[in-house]
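Colleague: Both chains are sitting in their own frames, so use the hints and assemble them into the complex.
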Amino acid sequence: MKKSFHQLLSRGTAVIADGAMGTVLFSRGLKTGELPEMLNLNDPGLVHSVHADYVDAGAEIVYTDTFGANAEKLCGKADPGKVIEAAVKIALDAAGEKALVALDLGPTGRLMQPSGTLSFDEAYESFRTQAVAGEKAGCDLVVLETFSSLSELRAAVLAVKENTSLPVMATMTFEKDGRTFTGTPASAFAVTISGLGADAIGVNCSTGPKEMLPVVREIAKYTSLPIVVKPNAGLPDSFGNYDLSAEDFVKETLLLVKAGASVVGGCCGTTPDFIKKLSAALKGVKPGKRPARTGCTVLCSERKTVNAVRPLIIGERLNPTGKKALKEAYLNGDGGYISARAVEQEEAGADILDINTGVPGADEKELMTTAVKLVTSVTNLPISVDSSDIAALEAGLRNFPGKALVNSVNGEDASLKAVLPLVKKYGAAVVGLCLDEKGVPKDAESRFRIAAKIVDAALKEGIPREDIVIDCLTLTVSAEQSQAVRTLNAIKAVKRKLKVRTVLGVSNISFGLPDRDNLNSAFLISALCAGLDFAIINPNSAAMAYAFRAHAVLFGFDKGATEYIDACVNPEKTAAFGKASAPKTVSVSSGALSPDVKEGTDEKSAFTRLILKGLDSVRAETAALLTVHSPLEVVNEYLIPALDEVGKRFESGRLFLPQLITAAETAKLGFDEVKKAIEKSGSSAVESGTIVLATVKGDVHDIGKNIVKVVLENYGYRVIDLGKNVEISAVTDAVVKNKIRLLGLSALMTTTVVNMEKTIKEVRKVAPDCKIMVGGAVLTPDYAKKIGADYYAKDANASVRIAKEIFSE
Amino acid sequence: MKIPLKDVLLYMGVKGEPDPDTLRLARKAAEKAEKIITPRQSVRIFDVTRTKEGYCAGGVTFTGKCAEKLFENCSRAALMTVTAGHALDAEINRLSVSDMKNAFALDAAGVAAVECVADEAEETVRLNTAIGEKLTMRFSPGYGDMPLSLSRAIASATDAQRRTGVTVTEGDMLVPSKSVTAVIGIVDAGKSNTYARK
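Protein sequences appear in the order of chains A and B. Position in the first sequence (first residue = 1) + 17 = the working numbering. Position in the second sequence (first residue = 1) + 533 = the working numbering.
With the rest of the complex left out, here is chain B (with noise of 0.2 Å):
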């Protein structure tokens, strides 16, 4: 997997031209990630249920003015987690104490790299579609008014523990610490949908 050096800076909170030092830093970083991540995804594609209280898919009920929209003209949709794994977060955690500054980088570079991870499940999604359907943007909880709660749920229908590794704490923080949970809608053929990717 390629990480995109950009986005690394961007995550590094580097604005405009970076210096020399900081690109190295970047790029180190980066490729560092690209060495030690274990990359997993689980994709499970649903029905799409209209429910009293919302829309249903795999068996988690999505609710309000976001799912409202996501779900418009949508009989079916994909849930994901994926994750960057495990490795990754020992070794951030490691840096914290001997080197702080690479510490940051690469986790930067790891929040760079589990957006790669999640491109590549939306990449899943998409070879599942039919002819004419379009994807969604991508929705993670805490986006917008759909709960962070709702992370456990979609961990629970993609199977997350035993598929990536993935677990989800009573604070509803997702480890290990780079893993995303999210859901797309799959767009009707000939149907229009707000969030439907160009």
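Bound conformation, chain A alone (with noise of 0.2 Å):
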């Protein structure tokens, strides 16, 4: 009888795997341009020859020829169902008791949304019907190979394990900087889909053996999951020859069993001939030992590996309790706004994003799923999902390409049976509250008694131990003044004798007392003395920023200081220690000066020039020019003549777009003073009106329409941007909802301006007195007619023009 895939790898010796398939089926009559699964149903016997030659050289797993066998690839050509069924019986027969079939999948071929337009649905969809066709057509297990993208590479594991009983190996293309080609680095591959229960993990393609050595060496590091390498015969030439020798290909190889490889065939070049070579090469040799595993805490998002073996900051800033603002854009889809948010955090210094949705009324779910698509594009951050609700946990989680933390799970048995399956199940880290029905225990030793209780609970789960993050609950001094020491003295007992790191929320010690960030970080660096290893905070707080850069000094953590020296020297690249520190000055060298800038006199002339100039002392010249100007007055006299100017300009070809960009950004700055001022006196808003933006539907370039926004944001409009390939019922319900008066569509080229005819098309039903501008690289007045738009913006100053026309009316 055969053995299972188990049985296998628990032999202690390396497992031989199967060569390429293609390059065989190319050098015996297949053509470029004609698809190799086809050759299931066309030439069966062709195909069966190449597995009976594998097996023969000793292969005791075979592939499948359905590497290929998608909808998007077959072209519809033929079922995808209908192949994987015929390759699956090839292989078994010629596999015989001497080989496992491995149903092999490759990627849809097609990107993954935010870069691509395919969403997690489609793909998990894709791969769940090959693989049940797989499973009823008889193979031993599945492979996923050559993927270059963890976010498809993660619907695919799910869509195996979810719906069959197949054992999964997965396998990654990784490039000579050891990332593959979207950037994901081979621990963060690692740590993700070991963790979502893969049964072994490796690299395939790309590179010849040698150099997949490294890529080799760090996934060992990450997993103790049994590692496949399946490596080219080294790179190929301009006509498609690889340039390694079978003899050459073993040797190579045999470095990565020493690293630790147990499963170990060929990709793209190699033939039988090399397989059976490296088989007499690797009869009965064990492959290498591999390292220890350090026990620490591994966080990840799709390029970015995040190991906790020093104190990191959780970003706290997506939280809407109390934040008015960040609520609205939630419940508007205003991605723009939450985007910033993200990108400010990251750039303040937070090594983690918490990501909470909870906006009374709304479907948390959704905006779950909303912020962590946005979050994702923009940063490279890992992410803690945060919330009380089972089902936002699950799409946060589900979405998210890499290895989240769950914030969070508390002593209730409730709780502990709702959350920690979950964590399992996605391979998360967990924060567990040691707080249960009762509320929050007030001593010390029964809040450390809850914490043992999370942690056994999460233990018998399967969740391993440096997956365990406590949180022992931080109360407001101001009502319970004895509690902040009980707090540091539970994180001393937890972190000693349970052997977990632990997480805080630092800023809530302070509410209810003036000047916050004083209490708020003296508390930090008490609990980071304590052992703290999480600290949720607010990055863009200098006061918090300094005290945690300090601790990391003062500790050992920040080797030299040298990251507190970068921070304090270049301030803009740490937008925390940019605000404490003295404001950025621009030398007015007379070499900055445009030669056409007018030396005008008067108070205006010399505001526009500042404006032109992109000074920041714009902020201060407002200021001091709202001590004597109506907040309105200093709008249309000063920030809108100084925009139109460099409008005028350039429009006439004196200026180009990124000056326009500048004094945008510039004028923003004044706008922001202005805000501040009608805040302060409690008038009503200078609001000029609110348009919504969207790149349409299957476009994913927004560079256009991202200029557009900016510049309409700092005149003053308010911009609810949707982002990118954004679907037409998520247009008009933003227009409906908002009862917008203009829209502004993009689209870059002939084939996605259909979507964009189609949104207009709907748009027109349900919001008739709406107005459409639309512009992008393909559009013309003409054509922007011909598809239904009111206006054709041909640059971002002429979607102020437009937008002026409309809301002067």
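For the record, the hints were derived by calculation from the structure and aren't laboratory data. Every residue gets a Cβ at the ideal spot worked out from N, C-alpha and C, and that includes glycine. Take the hints with a grain of salt, since some may be wrong.
Okay, the calculated beta carbon distance ranges per label pair [said to hold, decoys possible]:
1) Pro-481(A) with Glu-564(B): 41 to 49 Å
2) Ser-44(A) with Leu-660(B): 20 to 28 Å
3) Thr-662(B) with Ser-44(A): 20 to 28 Å
4) Gly-546(B) with Asp-406(A): 46 to 54 Å
5) Ala-379(A) with Asp-678(B): 44 to 52 Å
Modeller: Structure below.
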């Protein structure tokens, strides 16, 4: 009887997988442009012969000829299910009792959102169809290979695990720089996919064995699963030939086995001859010993791995509690605002971003999905999914392409039962709050007891100790002064006795007291000294950033104080530090003056000059003007005329786009001052109107739209930015909900203008009075008219003219 | 890779002599792009066959007026997919949120960068020509009457996803955004071609 996949792996010696399918098929007559998968239906004998040759060569696992057997790549030529059924049958027949048959699934061929257009659900469905067909046809396992998007690979692993009982091997393709094309480092791949429950992980394709060695070593550091390697026979030339001989291939591949790889085969350019030699060389060879695990908490995003070997900052600003603007942005789908809060925290030095979408009356699950996608599209940071709503937690975990932190579970049995299985399933880490049915205990001992209960339950669930993070809870010192010390004592006990990491929401400590930053930073330092590992703070607060970084210097986490010095010397790199230090000064050397800026002497032209040159002193100037003029006067007589002057120069070709953007961003500083003055006086806001912007469905290039947004906003318009690749329904919803009078749509190519036309049609149906302006590289005034738009905006400045026309009516 | 400053300025839409601020912006963007791009090229050289519809190379069929001129006297042609990589897109994305001016400049530097990568790929083709053979200019889908939809076929013939990480959306857009697919005719020795490079 055939051994199972797990029996094969537990043998202790290297397992031989097959070599390339495509390479051999091409050498036996397949032509470029023809689909290898179609041969399963059209020439099964040919496919059978390749499998049979690999089995004869010693392969113990053969991959079916189904790498591209999905709807996207088969382009309607055949049904993926039928191709898979035939392919598995052929492979099973050729393998007999000698080899296992792995259903081979490659990427869909489309790139996942947000860079591409493929949604998680679409990807999942495609892989589900394939895996179910494979299991039905009798394959022994599934192999997911040649993936470069971690996000897509996650969808594939989940689809196989949730819909079949087959073991899964998952391998990605890494470049010489140790990352996949989409930027995923080997560590993030290993951490994420091991956590999802794959049975073996590894590397295939892309380079020869030698170049793969550092990647395999890195993977070995981050997983205890068996490692699979299938290198290419070197690199291809311009005629598709590979440069490594079978002998050299075997020699180099042995190094991978030494590094710990236990399933070994070949990818592009390898043939049965390679596998025969490999099999002979590896007979009875035991894979090299794997490095010991570090035992520290590791979190990651698609592009960044964060090891908790030192205290880390969790940014708390994406939590709508007490934040009106964020609440509104969540409700209006204003992705621009949410993205900006994420980037701001990353730039200020946050290591992890907490995402909480608890807005009363809103669908928290849906908001969480959107927020996670937005945050991952603009930052590289891992996230903490923060919710008490189980559906929202799962939505966050499902959509985050990395290893997240779940915030949180508590000592109540119901909470443990609902949250821990999710944490296990998605391979996340979890925050355990030291409270239960009876609330927050007032003494350190009881908090410790709850912590111990949580740790125990998590371990039983199969969550490793390093993924458990305990929150001993901060209570407000103004209400319960004795509690601060007890929290610190609980942290010490948890660290010492339970050997897990700790987390704390620091800012609560000062609630109800003046100058909160003073208390917050003092408590932060105290907690760090007690052993705090994750500090949930506002990284934009200069006091907190200073405290955190100073601690890192004093306790040796910041070697040579390089980070501290860097942040102090380059305040613009660290937003928080920048705010605390002196305002940025821009030298006004004569060389920086544009030759055509007339040196007017009156106050207004001086102000215009500041805007034109992009000088930060606009802020101070505006503040000064506000002491003698009303906010409305400052806007209408200074800010807008200055921007109009910039616009005029842009139109006439004396200024270019970079200067237009600079001027707009500078004017924003002035508008900020005006807003502050209005808030202080309590008078009504100076808002020129609300505009919705979107890059249409199917279009993923949105820089033009983003420029329009910056310029419009800095003219005082409120912009709801729906982002790129926007569903038609999302546009109509936003227009109706906010009673929008002006909508701006962008599309880059003729192929996506089609969706622009569809969007316009739908908007007309629900909001006939809303005016629509369109822009994009291929559009012209005539084309715009033809697809039903009201205005053609040839650039950002034109969009301002249109907005003025609409809102002055 | 050195990205020419004048190209960055060109793609920024700056005409004439740039002012010092703009020049600094462009230079900074070019330097940043040089640091973060992950240039990749996949070049394949195929025989060209005349078919009923037009010309075929590597399983890709080229029809229309441009194809007629491009493949004139060409027994072989090179197909290529090149890219400046995903990391550049990610950085432009991030900057679009926090610093539009630099996002815009980096976007322009990215266009200039991918042209450099395409030039390098063309060099790869040149290395594989025989004595006397000439190359035509580079032709990308979307030029002249060459349909945009050919991008997908060229990407597939060059195994672009596997070799370069470039994918094509259902709307025929290339992702990463700073990517190019192109075809170059290899003109037989001693023969002429309207599009031949000097």
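Colleague: Give a verdict on every hint.
Modeller: Now the hints, each set against the structure:
{"no.": "1", "hint": "Pro-481(A) with Glu-564(B): 41 to 49 Å", "verdict": "43 Å, holds"}
{"no.": "2", "hint": "Ser-44(A) with Leu-660(B): 20 to 28 Å", "verdict": "25 Å, holds"}
{"no.": "3", "hint": "Thr-662(B) with Ser-44(A): 20 to 28 Å", "verdict": "26 Å, holds"}
{"no.": "4", "hint": "Gly-546(B) with Asp-406(A): 46 to 54 Å", "verdict": "48 Å, holds"}
{"no.": "5", "hint": "Ala-379(A) with Asp-678(B): 44 to 52 Å", "verdict": "51 Å, holds"}
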